[in-house]
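Colleague: Below, each chain spelled out in residue letters.
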Amino acid sequence: MLLALGATAIVILTLLGEVLAPRAQELLAQHRARRRLEPVDGYDPGRERRAEARARMLLKSCVNDEEWAMYRDLGFIRVWGGHARRPGEPTTAAGPAYAYLIYPHKPVLAYLPQTGRLLNEYCIAFPDETRPYGSARLPDSDDVLAKWMALTADERRLVETANLHLPGRQLDPRHVKRDIWRLRQWERERARAACGEPQRGGRVSAP
Amino acid sequence: MKFLRMKPGHGEILIAEGDVDVREDEERLVEEFRRQLDAGMWAAVPVTGGAGRREALLAQQFDDVPRDAERVIFFPRAAGGC
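From first to last, the protein sequence lines stand for chains H and Z. Its first residue numbered 1, the first sequence is counted upward by one per residue in this note's numbering. Its first residue numbered 1, the second sequence is counted upward by one per residue in this note's numbering.
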């Protein structure tokens, strides 16, 4: 009796092994594949973070204090258009004030600060075809600095080089309008702080 | 004067340094400047303009760089994107 039960158990285990072994091997292979560390196109997050930290220091050393604080706090920089009158300047033959918002690795956006009207998106890139680590993409802050330098040095050349699009192609107009509103709030707070007034936050509702 | 070059995965790197008042240094800087522009770079010099405004100058040749500039930043030429 015992011998019969033992033989039956062995047969059952053998059959189960036949059925389950391939599935067990498959699961083991999947587990090993998940745990295997494979480089993704040479991307190294640590290296990219260090590069970005250096790029931020370079940007900070080039732009003025207000622009740096704007980038640090809001994530973009506003550059006034070179062919226009700025707020507070006397009326001349120049046109109304316009400005650009510079975002990292996104189009440069032209708008009218007085009304908040969005004008154009200028799609521009600074691809480094030497691709030292497989990517032609500069660190975020280097991209912003490159746009800032190109705009402040030769606005016309940059605009002519860029691909021109109507607002809304790449940048969500609602986000941009909210950024413009955030910028206004940010400037008010800075002006208050400069006058020594206490900061007031969150009293005006966002658009 | 320092020559800095923006590079993916690096941030800026120092590619040359020298005193423009020393002849050998200046020749080396001029040569490096040409090499960078030939490689498709733009050269910009951060400057402080009127009323303390920060801006940049794009230099097409070494003579465009102010003699007292502390650094020249090379970055890839702009191209229409998106």
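Don't read these hints as lab results, they were simulated from the structure. Ideal placement from N, C-alpha and C gives every residue a C-beta, glycine not left out. Keep in mind that a hint or two might mislead.
[As the list claims (entries may be wrong)] Label-pair distances were calculated between CB atoms; the ranges are:
no., chain 1, residue 1, chain 2, residue 2, range
1, Z, 26, H, 132, 22 to 32 Å
2, H, 46, Z, 53, 20 to 30 Å
3, Z, 35, H, 190, 51 to 61 Å
4, H, 73, Z, 60, 28 to 38 Å
5, Z, 17, H, 157, 47 to 57 Å
6, H, 32, Z, 15, 39 to 49 Å
Colleague: Now tell me if each hint is right for this structure.
Modeller: Hints, verified against the model:
Range check, residue 26 (chain Z) to residue 132 (chain H): Cβ separation about 28 Å, and the 22 to 32 Å hint holds. Checked against the given bound of 20 to 30 Å, the beta carbons of residue 46 (chain H) and residue 53 (chain Z), roughly 37 Å apart, lie outside it. Roughly 43 Å separates the CB atoms of residue 35 (chain Z) and residue 190 (chain H), a value that falls outside the hinted 51 to 61 Å. Checking the proposed 28 to 38 Å range against residue 73 (chain H) and residue 60 (chain Z) shows it holds: the Cβ atoms sit about 35 Å from each other.
For residue 17 (chain Z) and residue 157 (chain H), the hinted distance range of 47 to 57 Å is not satisfied, since their beta carbons lie about 28 Å from each other. A hinted range of 39 to 49 Å holds for the C-beta pair residue 32 (chain H) and residue 15 (chain Z), which are about 44 Å apart.
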